[in-house]
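Just so you know, the sequences run in chain order A and B.
For the first sequence, position 192 matches number 191 in numbering that gives the first Met the number 0, and the numbering has no gaps at all.
For the second sequence, position 617 matches number 616 in numbering that gives the first Met the number 0, and the numbering has no gaps at all.
Because the hints were derived from the structure by calculation, they are not lab data.
Don't be surprised by glycine CBs; every beta carbon is placed ideally from N, CA and C.
Certain hints may be false.
[To be verified] Interface residues of chain A toward chain B, partial, derived using beta-carbon atoms under 7 Å:
1. Leu217
2. Ile220
3. Gly223
4. Pro227
Number of protein chains: 2
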Amino acid sequence: MNHDILKERQNATFDVEKLTNILDGGPEKTKRRREIESMVLSDPDFKEEDPNFLSRSERYEQAVRKSAQMILKLREYGIADPEEIICYKSMEKGHQQEALGLHYAMFLPTLYSQCDAQQSRKWLPLAESFQVLGTYAQTEMGHGTHLRGLETTATYDPATQQFVLNSPTVSSIKWWPGGLGKTSNHAIVLAQLHTQGNCHGLHAFIVPIRDMNTHDPLPGIVVGDIGPKFGFSEVDNGFLKMDNVRIPRENMLMKYAKVEPDGTYVKPPSAKLTYGTMVFIRSMIVGESARALAKSTTIAIRYSAVRHQSEIRTGEPEPQILDYQTQQYKLFPLLATAYAFTFVGQYMNQTYHRITGDINQGNFSELPELHALSAGLKAFTTWTANAAIEVCRMSCGGHGYSRSSALPDIYVEFTPTCTYEGENTVMMLQTARYLVKSYRQAKAGQQLSGIVSYLNETEHRRIQAQPASARPTVVDINDLASLVEVYKLRAATLVDLAAKSIQQELQNRKSQEDAWNNSAIDLVRASDAHCHYVVVKLFTEKLGEIGDTAIHSVLSTLALLYTLHGITENSGDFLLAGLLNVPQILQISLRIKELLSQLRPNAVALVDAFDIHDKKLKSVLGRYDGNVYENMFEWARRSPLNSSEVHDSFHKYLKPLRSKL
Amino acid sequence: MNHDILKERQNATFDVEKLTNILDGGPEKTKRRREIESMVLSDPDFKEEDPNFLSRSERYEQAVRKSAQMILKLREYGIADPEEIICYKSMEKGHQQEALGLHYAMFLPTLYSQCDAQQSRKWLPLAESFQVLGTYAQTEMGHGTHLRGLETTATYDPATQQFVLNSPTVSSIKWWPGGLGKTSNHAIVLAQLHTQGNCHGLHAFIVPIRDMNTHDPLPGIVVGDIGPKFGFSEVDNGFLKMDNVRIPRENMLMKYAKVEPDGTYVKPPSAKLTYGTMVFIRSMIVGESARALAKSTTIAIRYSAVRHQSEIRTGEPEPQILDYQTQQYKLFPLLATAYAFTFVGQYMNQTYHRITGDINQGNFSELPELHALSAGLKAFTTWTANAAIEVCRMSCGGHGYSRSSALPDIYVEFTPTCTYEGENTVMMLQTARYLVKSYRQAKAGQQLSGIVSYLNETEHRRIQAQPASARPTVVDINDLASLVEVYKLRAATLVDLAAKSIQQELQNRKSQEDAWNNSAIDLVRASDAHCHYVVVKLFTEKLGEIGDTAIHSVLSTLALLYTLHGITENSGDFLLAGLLNVPQILQISLRIKELLSQLRPNAVALVDAFDIHDKKLKSVLGRYDGNVYENMFEWARRSPLNSSEVHDSFHKYLKPLRSKL
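Generate the whole structure from the sequences, applying the supplied hints.
Below, the structure written as structure tokens:
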């Protein structure tokens with residue numbers, strides 16, 4: 000063990016194991032998680048090459064091998080609980096993706112929810128035994144978010160009782176679905192349904208794309224990999240072009256909408272269908288943001304405790320870089336954010352399950368709020384984490400650029416969350432739509448409940464025009480409850496500003512739609528402030544659940560840092576709304592410095608509490624034992640470019656150059 | 000040509016070619032640049048595979064081949080002017096790096112500047128004919144910025160008249176030098192010089208590391224590649240471990256310091272040596288920030304003109320995504336920044352050459368200011384561009400993640416500028432040191448000149464405690480000169496705050512060094528504000544040089560957008576300093592929306608003016624003709640994973656899985 004990091008651990012003021020239990024959701028959960036992780040670690044079949052040393056094709060192959068292995072292992076170990084499966088897989092996958100990810104995440108769930116009884120009997124056994132390997136083909140090259148814009152057609156031919164699928168244009172080629180390029184032999188294809196001369200909009204069809212025996216593409220199908228990406232090298236995101244591909248009528252998923260043998264279209268009973276799944280996935284992404292931040296801060300903070308550089312005091316030995324105020328200012332607010340998002344992730348998970356219970360009992364009342372919240376928080380947390388990973392990487396100096404640090408991998412595997420499952424700006428605008436709707440309801444005298452109830456408090460509606468100094472402020476910058484209130488009023492102000500902007504545009508004779516678009520900047524800001532308020536609120540509420548005094552104390556310091564740092568980063572908003580005055584803003588800057596010093600002795604212990612095993616973190620810089628340099632050397636020597644002492648290019652190009660000059 | 004992008008070009012209000020000339024520095028420069036670019040384009044030897052389709056080893060090999068080819072071509076074409084060489088190489092290299100980069104950038108220049116006459120006669124012919132291939136080995140695994148911390152030793156042995164080089168610890172292994180791993184047969188090694196029992200600090204030694212004929216590592220040398228990185232796959236950044244490696248006394252670079260045959264150390268006459276080179280490289284990086292931004296905004300804005308998505312007005316066709324206010328708000332301020340940094344880059348280049356002239360005549364008076372400015376602007380522009388590239392990438396939705404967009408390549412090749420040639424936070428603190436020194440001089444009654452002369456204006460020193468509403472403000476938010484003044488006062492306020500923080504710490508009985516470290520957050524903010532002021536000032540001054548009315552108009556709009564956007568992003572500072580009041584901040588938000596609409600018709604023309612050839616941009620999304628989708632499909636089909644229809648992993652893992660379940 001490196002002596003610096005050992006000393007850091009001795010300085011901690013709280014019991015790390017107890018905090019780990021809180022993060023896991025109880026000591027039993029910690030225990031079970033470690034049991035599952037050790038199944039992977041102790042398994043002789045679990046061996047792999049660092050993907051950074053492999054070609055794209057080798058990386059894909061390694062991922063397929065691991066996917067196949069995981070299927071067998073999970074059965075062997077009898078792991079069936081969804082959370083435990085995630086735990087097992089995330090240990091085995093490391094930072095990388097699963098080759099069969101879409102089969103689990105989209106293909107099977109869609110079959111479960113949209114097959115009629117007969118279809119279930121046919122397809123589920125095939126899919127559950129992995130004879131049918133499937134993906135979900137919705138996105139086209141020219142069309143993403145906007146489902147009505149999709150161009151793929153499925154035209155019913157009553158003569159043969161078949162659907163004829165076509166990709167009528169280049170932009171209609173299916174593009175991006177994971178596992179489509181090489182892995183899958185079937186795809187659920189979303190296409191515009193045409194029958195009896197009418198178009199009935201988007202419906203889902205099971206389309207065989209490769210021969211189940213030879214795996215060759217079927218006639219009329221052009222399928223392949225969309226090529227290298229920023230990350231996701233393990234996944235064969237694919238393209239699919241269909242030219243008069245015929246499938247039997249029974250391959251349309253018919254639990255809801257139907258096409259009769261003669262071509263008669265039967266409408267689905269209700270349109271409210273996959274809404275829930277979408278909300279679920281977005282809620283889960285909040286937790287992913289927290290995990291990516293936990294990994295990144297673990298690496299950057301441990302390394303900053305081990306790395307010595309430059310000098311603070313002349314003549315003294317080089318200090319740990321964690322002693323520099325600028326380094327603390329980069330990392331500790333992100334550490335606080337990692338905790339904040341972890342608790343918000345727990346909340347979203349619990350809320351989702353609670354509301355799902357309600358929904359199953361026919362109570363949909365809370366769904367719109369959760370839908371709006373999951374959209375906004377998905378965007379808020381992924382944008383924050385995305386930028387934060389890069390701050391962590393760059394805080395490690397040159398070594399952060401080495402793939403051995405794992406930070407480049409963490410970044411490229413995480414950054415797609417900003418775009419998939421709802422592009423972030425679109426998500427923010429969805430939340431804004433809910434906020435503006437609620438604002439108008441409140442204005443019309445309706446009493447709002449839930450998280451937007453602050454919009455009832457009309458008194459704060461016109462504060463933005465008031466100078467800070469003119470209002471008496473009673474904010475206590477050391478009191479979280481008081482600060483939550485300030486965040487709330489900031490959100491109210493920005494929602495008000497956005498709503499007013501729309502109103503102003505309407506008065507200028509703009510249409511509703513143009514007024515909305517011309518206020519979009521304000522709407523995104525309002526959503527952002529709303530989400531920020533929710534995070535601060537949930538972090539503060541979480542503290543109420545913490546019994547252990549030492550842990551309560553250090554988490555309170557983190558929560559205060561998160562909250563005050565957010566104020567300095569957005570000080571214009573708080574000044575503008577007259578919520579804080581100039582002396583308070585200056586005081587907050589000083590307070591933040593004190594909090595950094597206060598957190599300094601606990602920084603390593605706080606990342607230790609995330610309890611991310613070295614084999615999962617896969618970072619030379621973030622090793623638990625702090626033995627960075629010898630392991631970096633060891634890693635580099637295994638790099639493929641070192642497999643021979645003299646690279647071929649010397650003989651081919653450099654030596655011959657001499658004679659040509 | 001795509002009809003959307005054609006229409007965009009028809010809507011432009013200015014002559015694109017004239018603006019290109021301004022960016023190039025005159026019509027003749029545009030002409031010559033295009034001539035050089037066409038030499039590469041029309042050359043049958045200039046063919047290459049997309050590096051994204053190659054393994055690391057193949058990428059390195061392709062880069063070596065191109066490096067060797069460029070040497071021969073430049074001689075063949077008789078291109079010798081440094082700027083023209085850069086132009087030729089940047090066309091041939093694309094986004095990637097040169098395998099022999101360090102040989103040119105560090106090895107040769109160090110030989111030129113630090114060899115004595117005899118050494119020059121021996122080494123220059125060898126290095127210039129590429130028999131000796133060299134690199135510059137300073138950074139060690141455990142030590143970067145802080146030169147005194149380097150551990151490598153060179154101990155003089157008078158008995159044999161040799162230096163004995165050693166890497167005494169793991170952390171002393173040379174790490175990161177480009178070209179060290181596989182390419183170089185010599186390295187200039189920076190080591191602590193020991194002779195006659197004394198250590199004389201860091202000196203440079205020419206160390207043969209590989210046999211010039213066989214290229215095998217020499218005895219006592221362990222050399223290799225440090226492994227894959229985030230980008231820079233073309234470069235063999237290397238490690239070097241030396242175990243009692245003996246080199247002749249004459250291999251110490253002896254133009255200044257010397258070691259006599261008996262071991263007597265002779266001091267260098269002056270310590271002021273490579274200062275100028277450092278300033279030069281940092282100044283050049285400002286231009287690199289501009290070019291990276293120009294590439295990224297070209298891609299994102301052209302694609303946003305071609306891409307249609309969702310709907311603004313119900314029932315109408317999907318609009319170009321460039322019509323969304325949020326998209327404009329993401330991209331147009333970055334476009335403005337690209338222009339701002341281009342002009343700042345031109346200024347730094349001119350200033351460097353002017354000051355170099357002065358220095359050659361013995362006048363060093365302006366060097367400290369340029370040193371401080373180049374450090375701060377290097378950090379300010381690279382941080383900004385770094386984040387901006389990612390905003391551009393994510394503004395392209397899913398396709399931004401595809402390597403075919405070129406945005407991932409641009410990012411990973413650019414991001415190291417935040418760390419190399421001076422880590423950005425360290426750079427900001429260097430600038431702050433100059434600012435605080437100047438501030439104290441001004442306070443002591445000295446009259447400052449140059450860019451920091453605003454620190455003379457003591458009247459603004461205490462404004463931070465004044466509420467905005469209490470001061471009469473005469474700022475015209477449409478007048479750039481007035482806004483430059485506001486940025487200047489903001490910088491003055493933040494320098495004042497930082498200096499006061501140091502003072503406060505000293506009053507609390509802290510040492511100078513601790514007071515500095517405890518004020519580092521404020522110091523970085525002050526530097527940032529200073530740099531921001533300089534950029535706004537230089538952009539505004541540049542407008543005075545533009546004669547063409549139409550171009551003057553559109554560049555003024557860009558400059559105003561850059562300036563006002565900077566205010567909203569930092570509105571807290573301006574409110575806090577009492578420089579703007581709340582109504583003005585709200586008015587600025589409205590004005591920004593107007594500016595976005597005003598720029599909309601010129602957006603594509605403004606990126607066209609950067610005149611980046613498709614073969615240099617290498618982006619399917621950013622193609623000049625806008626034909627994105629067909630080319631994306633074409634690119635994907637060439638991807639190596641599509642070389643066979645059925646991937647081996649199907650036969651190896653997926654098919655066998657069926658029988659095991």
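To see whether the hints hold, each was checked on the structure:
With 7 Å as the threshold, the beta carbon of Leu217 of chain A stays out of range of chain B, its nearest partner Cβ sitting at about 11 Å, so the hint is violated. A distance limit of 7 Å between C-beta atoms decides the matter here; for Ile220 of chain A the minimum to chain B is near 11 Å, and the interface restraint is violated. With a cut of 7 Å, the hint placing Gly223 of chain A at the interface with chain B holds, because the nearest CB-to-CB distance is about 4 Å. Hint status for Pro227 of chain A: holds, given a least beta-carbon distance of 4 Å to chain B, under 7 Å.
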